[in-house]
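Novice: Sequence:
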Amino acid sequence: MSPKDNNPRAKPAAQQNFLATAASVLALTTLSACSTVAPAMPTAATATARPIVLVHGAWMGASAWDRVASDLRQRGFRVTAVELPGHGADTTPAAQLSLDGYVKTVLAALPAQGQAIVVGHSMGGMVISALAEQAPERVAELVYVAGYLPQHGESLYKIAMTDADSRVGAYWTQADPKAYTPASLRPEGIAEVFCADCNEADQRTLVSSHKAEAVPPLGTPVSLSAARFGRVPRSYVHTRQDNAVSFKLQQNMLARAGGVRQTWELNTSHLPMLTQPRALADILADVAR
Numbered sequence: 030m031s032p033k034d035n036n037p038r039a040k041p042a043a044q045q046n047f048l049a050t051a052a053s054v055l056a057l058t059t060l061s062a063c064s065t066v067a068p069a070m071p072t073a074a075t076a077t078a079r080p081i082v083l084v085h086g087a088w089m090g091a092s093a094w095d096r097v098a099s100d101l102r103q104r105g106f107r108v109t110a111v112e113l114p115g116h117g118a119d120t121t122p123a124a125q126l127s128l129d130g131y132v133k134t135v136l137a138a139l140p141a142q143g144q145a146i147v148v149g150h151s152m153g154g155m156v157i158s159a160l161a162e163q164a165p166e167r168v169a170e171l172v173y174v175a176g177y178l179p180q181h182g183e184s185l186y187k188i189a190m191t192d193a194d195s196r197v198g199a200y201w202t203q204a205d206p207k208a209y210t211p212a213s214l215r216p217e218g219i220a221e222v223f224c225a226d227c228n229e230a231d232q233r234t235l236v237s238s239h240k241a242e243a244v245p246p247l248g249t250p251v252s253l254s255a256a257r258f259g260r261v262p263r264s265y266v267h268t269r270q271d272n273a274v275s276f277k278l279q280q281n282m283l284a285r286a287g288g289v290r291q292t293w294e295l296n297t298s299h300l301p302m303l304t305q306p307r308a309l310a311d312i313l314a315d316v317a318r
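Residue numbers for the sequence shown follow the numbering used here, beginning at 30 and rising by one.
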């Protein structure tokens, strides 16, 4: 996949008003099911490649990366897909979840020696940013896939509130917003928000696997410095037809951040790992080599 393809710009989604609650924050993506394929023997190119660590977003688990991870392993890459606490099959109670806990989980998944390519999708962008601040020496490069790219002191919620083109707010629901109870999207909006370009089987899986998301981590600001986070190379994969983290917001985050080494554009919804796993794997393979 070459940087910045020339796919026509997607039509913006209808403007949304994020007034659901002071705690209403985006949490993004969902599960995909795929069989695991045994890794291939490393080639001359992949034997020296950096290991790849994949971090999912909210309302999903590590299996969201199954198709991309399987593709990369077949090419001989070393790949780890992290399951964040309280997501996927992990049963950590919502009251015990925190952004710091997410970061510690990813940190524990990094190789003991050397550096890794760390990839964050959606909310995972917040996690990998905080990770790079804590342990920049262990990260060769950060890759954001439709991910939140924060500034110092920003939370996901603060950034999401600026995204007038997102459809998340239209379907956001909580039992008790004042108590910061876990949040979900109403079933009728899940496919529209996350994967309007998915096939029907994948859309049904997204709805059936949807799991309420802890809200406090999404409102937690990150502390970032030029000396630590700022020294880690960064790349970004845009998703042009994204109804969760809009293409416009993605562009705005990059314009503010500066210093992004390379960008790509995929003409997909919020979940390119479901609809274009090979193209996304090609990008990550190029970064890791």
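Warning: the hint list may mix true and false statements.
Ranges of calculated distance between the beta carbons of each label pair, as one might list FRET restraints [what the hints assert, rightly or not]:
(1) Arg-307 x Glu-229: 28 to 34 Å
(2) Arg-307 x Ala-193: 29 to 35 Å
(3) Lys-207 x Gly-288: 20 to 26 Å
(4) Thr-202 x Ala-76: 29 to 35 Å
(5) Arg-307 x Gln-125: 35 to 41 Å
(6) Thr-120 x Thr-292: 20 to 26 Å
(7) Ala-137 x Ala-256: 31 to 37 Å
(8) Gly-182 x Glu-217: 14 to 20 Å
(9) Ala-230 x Arg-260: 40 to 46 Å
(10) Thr-249 x Arg-215: 42 to 48 Å
No wet-lab data here; the hints were simulated from the structure. Backbone N, C-alpha and C fix where the C-beta goes; we use that ideal spot for every residue, glycine too.
Novice: Would you mind marking each hint as holding or not holding in the structure?
Specialist: Each hint, compared with the structure:
Here the CB-CB span from Arg-307 to Glu-229 is close to 21 Å, at odds with the stated 28 to 34 Å. At roughly 32 Å, the beta-carbon separation of Arg-307 and Ala-193 lies within the given 29 to 35 Å, and the hint holds. Between Lys-207 and Gly-288 the CB atoms are about 39 Å apart, so this pair departs from the stated range of 20 to 26 Å. The hinted range of 29 to 35 Å is not satisfied by Thr-202 and Ala-76, whose Cβ atoms lie roughly 48 Å apart.
Look at Arg-307 against Gln-125: about 37 Å separates their beta carbons, and that is inside 35 to 41 Å. Between Thr-120 and Thr-292 the Cβ separation comes to about 37 Å, which falls outside the hinted range of 20 to 26 Å. Checking the proposed 31 to 37 Å range against Ala-137 and Ala-256 shows it is violated: the Cβ atoms sit about 24 Å from each other. Between Gly-182 and Glu-217 the CB atoms are about 36 Å apart, so this pair departs from the stated range of 14 to 20 Å.
At roughly 43 Å, the beta carbons of Ala-230 and Arg-260 sit within the given window of 40 to 46 Å. At about 25 Å, the CB distance of Thr-249 to Arg-215 disagrees with the hint of 42 to 48 Å.
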